[in-house]
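Peer 1: Given the coordinates of chain A, work out where chain B should sit on it, guided by the hints.
Chains as they are written, first to last, in the working numbering: chain A, 1 to 500; chain B, 1 to 176.
Simulated from the structure, these hints should not be mistaken for lab results.
Any given hint could turn out to be false.
[Unchecked claim] Only part of the chain A face toward chain B is listed, based on derived beta-carbon distances under 8 Å: (1) T220; (2) H232; (3) F249; (4) L287; (5) P458; (6) G460.
Glycine residues also receive a C-beta, built at the ideal position from the N, C-alpha and C atoms.
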Amino acid sequence: MMLLLQASLPRITQPAIVAIALIYFAIVAVIATWATRKTKNERDFFVAGAGVGLWTLAIAKMAASLSGFSFVGGPGLVYTIGLAGVFIILPGALSNALGAWVLAKKLRLLGEARGLLTVPAAIGARYRSPSAQGLAALGILIAVIGYMATNLLALGIVIEAIFGTSLGAGIWIGTGIILAYSVAGGILAGIYTDVFQGSVMALSSLMVLGFALKSGGGLTNISHTIMAADSHFLGPWGSAGPITALSYFFVFSMGSLGQPNVIHKFYMLKDPRQLKWYLLLMSVALLTGQLIYIAIGVAIKALVVGGAIAPLVKADQATPTFLLHFAPVLVAGLVFSGVAAAIMATVNSFMNAGAAALTLDIPLAFGKKLSDELLWGRISTVILALVAAGVAQVSGTLVAFLGIFGWGMFASTIAPALAIGLNWNGATRAGAIASICTGLTLTLVGGTLGYLKIITLPKGVDVASLSLITSLLVFFVVSWLTRKNAAGELDADIQLVMET
Amino acid sequence: MRLLGGAGHPRSYRRRALTFLVLKSIVLRLAVFFLVVIAAGYTGSFFAASWAPWCIAIGTCGALMSLMALGAVRRGHMAPVLRWVFALMFIWCAGCFAVALAMPDNEGDGGALLFGFPLRSTIVLLGIAVVPILVFPIAWALTFDSAMLSEEDLRKLREAQAAMALARNSAEGADA
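If we strip away everything but chain A, and leave its shape as in the complex, we get (with noise of 0.2 Å):
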């Protein structure tokens, strides 16, 4: 599902690219070097200090929810199937209101009284239960560890287009850049480069849909064109059908709410009272943000049927070759620092939610609490990162099997637990272990004998759709034949801020 990067970029070394580039990491060094230094305990390494301003949260969310798939592997997609492919972005509108009212306030006020500082804690203190946090932070450093090989080996693709340098070569210096501000600030760091990332992310996404209006000669001649050369492409489920369109629509929407990278960051708002606005502003961005995903893809696919230009030999190719060919060089490098833009701001999100998980949650589940939380912290940054680079260097298609089932797992284990427990007084412990379980297995053993082709899906139909599917209707179903236990289970405080 989320393919990202998967062939090789074409060489777009040239100056003006190169120094727009060499900008952009010289601006984010100073950025995390500014950061870094206020970095002075684990609070600050985790949570930012829990003081981040609306815009500032709204804007980080935004770039941690864009990897560089919607740059890259996303327009990509479109251009293969068509309209189906913008079903992964469309649902945004839906998943941000749906995480304001079922998690937003109740994650900052949970985060504030009981001074959480990773996901699965809230899980933890929800239930009364270290195991569940445990459970939900394993699940939580699987998914982190193939979906950061996935961002990594697209970094290094993007270095290895932009500098010349090989492909091995690029994903060590994206990991090492990364890894230096990640390691040093943690999130807190990562949230004010994340600021400027999105804000690159945003004005390229906004330049790019200029550009590729104009190159088709506007919306109503691009429609034409593609609808003389290809019927279904433009039609609501493209070429991939229906039951594909839809199941993007279902995990991308519902799964959202288990997707630690951006959640975690409602811990960081200063004042709970900003979120009034923080819908609108996060809609804003988002919105600004995926134009390329959609521009890119339609756009070059009329170019394509049109015989402006020679059909891709690889998807992935559609953002550099509409870039290096309809867009100023300018734009393109602003566009191409973007995408690594996209890629950092995840991978430093992802770092920093697996070292969490390492760091506190599965301690803590074995009844243990380790003594120098911000070292250990650091410590864990660096190991996370050297697995997911070695793993991206050297596992080929894996990498992409990888990145499939990490925001699969992250929906089926986190999202039943957290987001309904939080609403529910009536969801037990058992219901949610027993869900992030579900999660856990579906998604490990389903993918992987889908991966090694034992077993084959209908069309269109996904082991991250079942497996979410799956685990919240064990979350309802289990928490309810466990009912009586449920009282029992909820301290005073938990319930008052689910009460709020």
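Peer 2: Just chain B, lined up with the frame of chain A:
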């Protein structure tokens, strides 16, 4: 819970608590119902059933709105405007999907366009992207103070939590 509604007014408390339970119960049942509909859709997809996409589309819209409503139920109450917003947005989103699923394919040469895009696709884009991005942020902001978190709510919560922490510390001190 004092925040649940007037500890000094038992009748009011019971009435509100009952409303709270009833409203939550209805919303929860709706959420479970729509999740079962989605599951039925996926089951149907194994048999290439023609109704499978309908189930996934309508079930997902229903589950999303039910869960939003679940998050919006608070102290035995959901702002009336939000009840309308969630109900109408369900009808709107599910309706747009239904129209797109029911209409015949017409995205070939000479097919009808709306706002520069094929008709069915524009309906879906309006249904699940454009209109929600206009409606939900406004509904959220307009009801935030009264139905989500006011200054007073926050002050009361922090006072109650401070009192709980004090009681907990006293109990631990006594045990020690």
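Peer 1: So, for every hint listed, does it hold in this structure?
Peer 2: We went through each hint and held it up to the structure:
At a threshold of 8 Å, the smallest CB-CB gap from T220(A) to chain B is about 4 Å, leaving the interface hint in force. Hint status for H232(A): holds, given a least beta-carbon distance of 7 Å to chain B, under 8 Å. Hint status for F249(A) relative to chain B: holds, with the closest Cβ pair at about 6 Å, below 8 Å. With its C-beta approaching chain B no nearer than about 6 Å, L287(A) sits inside the 8 Å limit, and its interface hint holds.
A hinted interface residue such as P458(A) counts as satisfied when its beta carbon comes closer than 8 Å to some beta carbon of chain B; here the least separation is about 5 Å, so the hint holds. Interface restraint check for G460(A): the shortest CB-CB distance to chain B comes to about 7 Å, inside 8 Å, so the restraint holds.
Checked against the numbered hints above, the structure violates none of them.
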